[in-house]
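Sequences are here, hints too, so could you generate the full structure?
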Amino acid sequence: MNRRRASSAVLSAYSRTLQEIPEDELKFIKATELGDLGTVRMLLEKADETLAARLINCIDARDRTISEIATENEHLDIVEYLIDNWSRMVSYESVHECIMLAISKGYTRITIALLNHPVYQRNRGTLNRLGTITNYYQRVNNSKFDQDVTPLMLAAHCNEVDIIRIFLERGETVKKPHMSSCECNYCKNRRKFDPLKHSKSAIYAYRALASPAYISLTSNDPILTAFLLSEELRKLSQSEKEFKNEYRELVHQCKKYTSDLMDMCQNSKEVSLILNKTATTQEESLSDLRSVLVGHGGDERSATQGDDYQGSTLERLKLALLYNQKQFVAHPHCQHHLATIWYDSFPGWRRLAAPIKILLPPLMYVTCPVWGVIYWITPESKVGRIFSGPLAKFATHTIAYLCFLVTLFLQAVFAETGSKPFIANPNAGDSLQNHLQNPDEKNACAAVLDLCDLPDEHGKNQFKFRMTGINSIDVVIIIFLAGKILLS
Numbered sequence: 001m002n003r004r005r006a007s008s009a010v011l012s013a014y015s016r017t018l019q020e021i022p023e024d025e026l027k028f029i030k031a032t033e034l035g036d037l038g039t040v041r042m043l044l045e046k047a048d049e050t051l052a053a054r055l056i057n058c059i060d061a062r063d064r065t066i067s068e069i070a071t072e073n074e075h076l077d078i079v080e081y082l083i084d085n086w087s088r089m090v091s092y093e094s095v096h097e098c099i100m101l102a103i104s105k106g107y108t109r110i111t112i113a114l115l116n117h118p119v120y121q122r123n124r125g126t127l128n129r130l131g132t133i134t135n136y137y138q139r140v141n142n143s144k145f146d147q148d149v150t151p152l153m154l155a156a157h158c159n160e161v162d163i164i165r166i167f168l169e170r171g172e173t174v175k176k177p178h179m180s181s182c183e184c185n186y187c188k189n190r191r192k193f194d195p196l197k198h199s200k201s202a203i204y205a206y207r208a209l210a211s212p213a214y215i216s217l218t219s220n221d222p223i224l225t226a227f228l229l230s231e232e233l234r235k236l237s238q239s240e241k242e243f244k245n246e247y248r249e250l251v252h253q254c255k256k257y258t259s260d261l262m263d264m265c266q267n268s269k270e271v272s273l274i275l276n277k278t279a280t281t282q283e284e285s286l287s288d289l290r291s292v293l294v295g296h297g298g299d300e301r302s303a304t305q306g307d308d309y310q311g312s313t314l315e316r317l318k319l320a321l322l323y324n325q326k327q328f329v330a331h332p333h334c335q336h337h338l339a340t341i342w343y344d345s346f347p348g349w350r351r352l353a354a355p356i357k358i359l360l361p362p363l364m365y366v367t368c369p370v371w372g373v374i375y376w377i378t379p380e381s382k383v384g385r386i387f388s389g390p391l392a393k394f395a396t397h398t399i400a401y402l403c404f405l406v407t408l409f410l411q412a413v414f415a416e417t418g419s420k421p422f423i424a425n426p427n428a429g430d431s432l433q434n435h436l437q438n439p440d441e442k443n444a445c446a447a448v449l450d451l452c453d454l455p456d457e458h459g460k461n462q463f464k465f466r467m468t469g470i471n472s473i474d475v476v477i478i479i480f481l482a483g484k485i486l487l488s
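Going by the UniProt record's numbering, the first residue of the sequence shown is number 1, and it counts up by one from there.
Don't take every hint at face value.
To be verified - Dumping the calculated PhoX-like pairs for lysine-lysine here, alpha-carbon to alpha-carbon at most 20 Å:
no., residue 1, residue 2
1, K175, K235
2, K256, K197
3, K244, K256
4, K144, K176
If you are wondering where the hints come from, they were derived from the structure by calculation, not from laboratory data.
Please read all numbers here as calculations on a predicted model, not as lab measurements.
Structure below.
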């Protein structure tokens, strides 16, 4: 995500031209911009309280205060000097603007220094609410940043890991927005005040929640968090059609994040641990984490599986398919793991010639009774492990279904050529009535068949029943169906 930088070139209504700036203020601004700490200290120490306050709070032609100039040019020594000696004269709004500016620039040390500013310490609760309650209902915004963006949210937008960690250690979090259809008083009031600002505030919050750095630092299962958030953002893109592109961009960001996490896997065991995660909700993920910490848990089984690919459940992969995470499923590490499981029973299958690959599955199917008995007796033997693999199962099942279709075709041809259809019986109705009146008659069913074998207006039979005895093909079909029922 590209860092959003403050546009200091945008002039507000309070900007001044160079001619309007007094000479002493202009000299002070130049010294601050160049990082000349000696000149800054000399001008402030020689001035009285009134002049010092005017110098510290003066604004240049680009609508920047002295603190903002020092922060933007990354002059940490000047920022620390102003905080240590002249913090009483720095305004609350200037501190907030400097913090946001330092975060947008990625200046970690300056951010830490500003967070220790006495003004921030005294008004910490109020400053944390900036952009959520305090500033939302203000009509005028002189800041270069959006009113609904808190310092933590801006750090998440910029993916500043160190700065995000600083705010998290202070107990700050990004609150998840209410649903777009929420009708609580909080949402009603915000929507009534400004519907556009309400929608944009939700986008800013979701942009922070979808930040890779924020997810990595706040979630114990980042891939699951990205999956769930991606699905929620996809639904929002369908309901909030005006901001469809913004939400889709966040969906793509979450999918790319999960793919990047797969890139960090260095061996097959790590890939297996990720793909065999069983949690589908945040509550289940926390429960699994507690179980692992206690010493007995669900995901601990995956850690002990090692390279036992036959014991893989691939629950996380199934969840990725459910949430349409194509980037995650198509990742080379994921595909390599699937291929390893697929060819685990036949490691040399890929190196076989094409004719052998064609002839081997029919041979396996013909010898099915032999290796089936072997697998039934010793499932852990070498032969049993070979024929219990996915590739052997797929090959034998495919050949079995092909043989089943061939037997059905042969049965249809045999019945067509060897059957003798019933001849239309014009007296079938009288015959049926006689059989119904005489229930002791043994051929009552034959009358029903004769009734169904009625001629149409052209004299041809509409319904023909073929009655053939059980032959060898029928026996094969019955054995196949019985085997499928027993194995299912």
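Here is how each hint holds up against the structure:
The hinted pair formed by K175 and K235 meets the criterion: a straight-line CA distance of about 19 Å does not exceed 20 Å. Proposed proximity of K256 and K197 is contradicted: the alpha carbons are some 28 Å apart, above 20 Å. Distance hint between K244 and K256 is fulfilled; the C-alpha atoms sit about 18 Å from each other, no more than 20 Å. Restraint check: the Cα-Cα separation between K144 and K176 comes to about 24 Å, which exceeds 20 Å; the hinted pair is violated.
Going through the hint list in order, the structure does not satisfy hints 2, 4.
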